[in-house]
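A.B. asks: These are the residues of each chain, in order.
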Amino acid sequence: GQQVMQIPQYQHVQEGEDFTTYCNSSTTLSNIQWYKQRPGGHPVFLIQLVKSGEVKKQKRLTFQFGEAKKNSSLHITATQTTDVGTYFCAGTGTASKLTFGTGTRLQVTL
Amino acid sequence: DTAVSQTPKYLVTQMGNDKSIKCEQNLGHDTMYWYKQDSKKFLKIMFSYNNKELIINETVPNRFSPKSPDKAHLNLHINSLELGDSAVYFCASGSGTLNQPQHFGDGTRLSIL
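These protein sequence lines are chains V and Z, in that order.
Per my numbering, the first sequence starts with residue 10, numbered consecutively.
Per my numbering, the second sequence starts with residue 21, numbered consecutively.
Certain hints may be false.
[Claimed, not checked] Taking lysine-lysine pairs in the DSSO-like style, the calculated list, with each CA pair at most 30 Å apart, reads:
1. Lys65(V) - Lys29(Z)
2. Lys42(Z) - Lys79(V)
3. Lys72(Z) - Lys65(V)
4. Lys60(Z) - Lys45(V)
5. Lys45(V) - Lys29(Z)
6. Lys42(Z) - Lys106(V)
7. Lys79(V) - Lys60(Z)
8. Lys79(V) - Lys39(Z)
9. Lys45(V) - Lys61(Z)
10. Lys56(Z) - Lys79(V)
In short, the hints are calculated from the structure, not lab data.
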């Protein structure tokens with residue numbers, strides 16, 4: 010079945026440093042979504058990308074969808090303590106259902 | 021107003037018991053889901069219903085039985101609970117097809133003693 014892997018599994022940064030998580034699918038995706046889950050919370054939808062090579066920005070967050078539509082990335086510029094949480098990508102493959110990635114846990118310290 | 025609400029928030033019970041988790045959404049969505057999140061934070065889909073009809077049934081033990089009395093509600097009943105069932109169970113809803121953004125409930129933390 011479809012697999013969606015994310016790297017790194019965990020990253021610890023100092024506040025102000027940048028952070029990137031990468032999402033790779035075993036199959037071509039029709040779309041990719043990103044979610045954020047704060048510690049003790051539930052996943053919250055951030056954004057959806059649909060087009061090959063698409064780039065979208067939300068304040069300090071930049072989302073990219075790869076040209077081959079098999080990978081994606083989320084980059085956070087100048088992290089803040091409020092960015093702490095686990096970031097999940099989720100992609101729709103040939104089965105037309107969303108498969109969540111393995112997640113990247115981000116820890117930010119002062 | 022809570023968009024997707026689950027009850028209970030916490031469930032502590034003994035092995036072998038039967039328990040139910042309830043979920044309701046007031047977003048008018050057609051599709052609802054149950055996910056299991058284990059201690060490593062992996063989110064695995066268990067079931068999905070669209071307008072009360074089961075459309076996704078992943079490899080889940082048949083001790084787990086979902087029920088959707090109407091499109092705003094999706095409940096999960098678990099028989100003969102086992103230690104490995106300890107996890108956080110999330111309900112979610114989405115509009116239209118399976119690939120649309122999903123709104124999650126706060127989760128039910130199930131602990132088996």
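A.B. asks: All the hints need checking, so say for each whether the structure fits it.
C.D. replies: Against the structure, the hints:
A threshold of 30 Å between alpha carbons decides the hint, and for Lys65(V) with Lys29(Z) the separation of about 35 Å lies outside it, so the pair is violated. As the CA atoms of Lys42(Z) and Lys79(V) are separated by approximately 36 Å, the hinted pair breaks the 30 Å bound. Annotation: proposed proximity of Lys72(Z) to Lys65(V) is violated, straight-line Cα distance about 35 Å (limit 30 Å). Between the alpha carbons of Lys60(Z) and Lys45(V) the distance comes to roughly 16 Å, so the proposed pair stays at or under 30 Å and holds.
As the CA atoms of Lys45(V) and Lys29(Z) are separated by approximately 20 Å, the hinted pair is consistent with the 30 Å bound. Of the pairs offered as hints, the one joining Lys42(Z) and Lys106(V) holds, with about 23 Å between alpha carbons and a cut-off of 30 Å not exceeded. Of the supplied pair hints, the one linking Lys79(V) and Lys60(Z) holds, its CA atoms being roughly 24 Å apart against a limit of 30 Å. Taken as a hint, the Lys79(V) and Lys39(Z) pair is broken in the structure, with Cα atoms around 40 Å apart against an allowance of 30 Å.
Proposed proximity of Lys45(V) and Lys61(Z) is supported: the alpha carbons are some 12 Å apart, at most 30 Å. A C-alpha spacing of about 25 Å is found between Lys56(Z) and Lys79(V), which places the hinted pair at or below 30 Å, so the restraint holds.
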